[in-house]
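Student: Work out the full structure: start from the sequences and follow the hints.
The numbers in the working numbering rise by one with no breaks, and the one at position 195 of the sequence shown is 638.
Calculated from the structure, these hints are not laboratory results.
All C-beta atoms, glycine included, are put in the ideal place defined by N, C-alpha and C.
Be aware that one or more of the hints could be misleading.
[Unchecked claim] What follows is a set of in silico ranges between Cβ atoms, one per label pair, in the way DEER data are often shown:
1. G808 / G545: 47 to 57 angstroms
2. P517 / T478: 23 to 33 angstroms
3. P506 / G580: 21 to 31 angstroms
4. Q514 / P647: 20 to 30 angstroms
5. L802 / I525: 53 to 63 angstroms
6. E567 / A696: 13 to 23 angstroms
7. D695 / D518: 27 to 37 angstroms
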Amino acid sequence: MVRRALLLAAILIAPRLAAAESLTLSFVPHPAHATVVAGEMVPVTVRAVLDRKVAKEDLAIAPSDSFDWVQVAPDRWRDELIGGKSWLTIERDLAIVPKRSGLLHFGPATLTLTIIDERSQRQERTVVAQPLSLSVGAYPVERGWPWVAEAVTLTDELSTDPSRLVDGETVTRRVTLRARGTLPEALPPRPIVSEPWLITFAAPVERRLILTEEGPVSEVVWVWQFRPETGEPGVLPPNAIPYFNAATRRMDAVEIAPLPIAYASFYTSQVQTGHFGALHRLAEGGALLAGLVVGSTLILRRHAPDATRAGWRRLARRWSPVRRWQMRQAARGGDLLALRRLLAEVRPEAAEAAALLDLAIYQPGARFDPAAFRRALHG
444 MVRRALLLAA
454 ILIAPRLAAA
464 ESLTLSFVPH
474 PAHATVVAGE
484 MVPVTVRAVL
494 DRKVAKEDLA
504 IAPSDSFDWV
514 QVAPDRWRDE
524 LIGGKSWLTI
534 ERDLAIVPKR
544 SGLLHFGPAT
554 LTLTIIDERS
564 QRQERTVVAQ
574 PLSLSVGAYP
584 VERGWPWVAE
594 AVTLTDELST
604 DPSRLVDGET
614 VTRRVTLRAR
624 GTLPEALPPR
634 PIVSEPWLIT
644 FAAPVERRLI
654 LTEEGPVSEV
664 VWVWQFRPET
674 GEPGVLPPNA
684 IPYFNAATRR
694 MDAVEIAPLP
704 IAYASFYTSQ
714 VQTGHFGALH
724 RLAEGGALLA
734 GLVVGSTLIL
744 RRHAPDATRA
754 GWRRLARRWS
764 PVRRWQMRQA
774 ARGGDLLALR
784 RLLAEVRPEA
794 AEAAALLDLA
804 IYQPGARFDP
814 AAFRRALHG
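Tutor: Okay, structure coming up:
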């Protein structure tokens with residue numbers, strides 16, 4: 444009697460076990476090279492093989508502090524003939540990027556299904572893919588910004604000839620770095636441009652991801668506006684951007700070319716006619732006088748607490764008549780870059796006025812409204 448009961452239970456349970464074993468989920472890596480270094484993108488497919496009709500599915504991948512990843516294409520559903528039997532397969536293509544070296548683990552993944560069984564009944568199933576193990580080597584260079592790409596291009600666009608500027612004119616430089624086989628956040632930060640003879644204003648950095656048939660392409664755009672502080676010419680030095688070339692398996696680099704910047708009047712021996720001539724020299728003299736006054740005040744107050752001295756410095760900048768005169772002159776002359784720089788020094792808390800200036804500087808077709816700027820500044 445007991446044997447018959449056990450046999451009957453085995454007959455009833457066996458189909459269920461078989462059905463459970465017919466639902467599988469796994470990670471399938473597709474590395475392009477025998478070795479992988481930190482920061483190198485690796486294509487991975489999450490593949491489910493099912494022998495049931497599916498009414499609903501949800502695939503979840505466990506968060507990981509060892510990898511960044513992105514889905515690179517829509518899920519693929521198709522019927523495949525495997526071992527002489529028709530199976531439903533679901534595939535999701537990912538690109539994973541290891542953040543460091545060592546033996547790293549990606550996953551697990553969980554597929555939650557609503558299947559339709561032989562009796563046309565809906566049932567819930569859960570299938571788990573074990574974590575993917577990946578051996579990752581160290582980035583070849585210890586210093587600098589570590590990033591890996593298969594192909595890198597750099598374009599450098601200028602709004603005008605920077606070596607022949609009209610007096611007081613500004614040149615806009617737009618550098619676009621595009622790389623295949625990496626993610627936007629892996630691209631290097633914007634190079635620092637700082638020269639004592641140059642006024643520089645940098646726009647916010649733009650990053651984006653473009654999905655192509657060849658794989659993910661990431662892009663970063665750096666925009667600067669330059670204007671000489673004086674009439675004498677200067678040259679921005681070249682800036683090399685090194686990276687590990689995943690195709691050649693060695694270090695490579697792209698370069699931002701050197702940039703000569705000067706006023707045309709320097710070469711033609713003409714007197715500067717822009718508002719950047721005599722007014723600028725007066726402004727420098729006023730700034731020097733203001734600096735002497737503030738410096739003397741600080742010496743007299745040297746025994747005051749640090750917080751008090753810092754407050755005096757902020758008040759001196761804010762209420763300096765020279766700085767306010769410079770702001771009025773910049774606003775009247777339409778010198779928005781100088782006005783933006785002075786605003787950051789004198790009124791850093793004036794966010795609304797700063798936003799109006801940024802819109803006028805960077806939004807194509809936007810116009811500067813002095814009245815709206817004054818209202819925002821004093822509102």
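Student: Hint by hint, work out which the structure violates, then give me just those numbers in ascending order.
Tutor: 6
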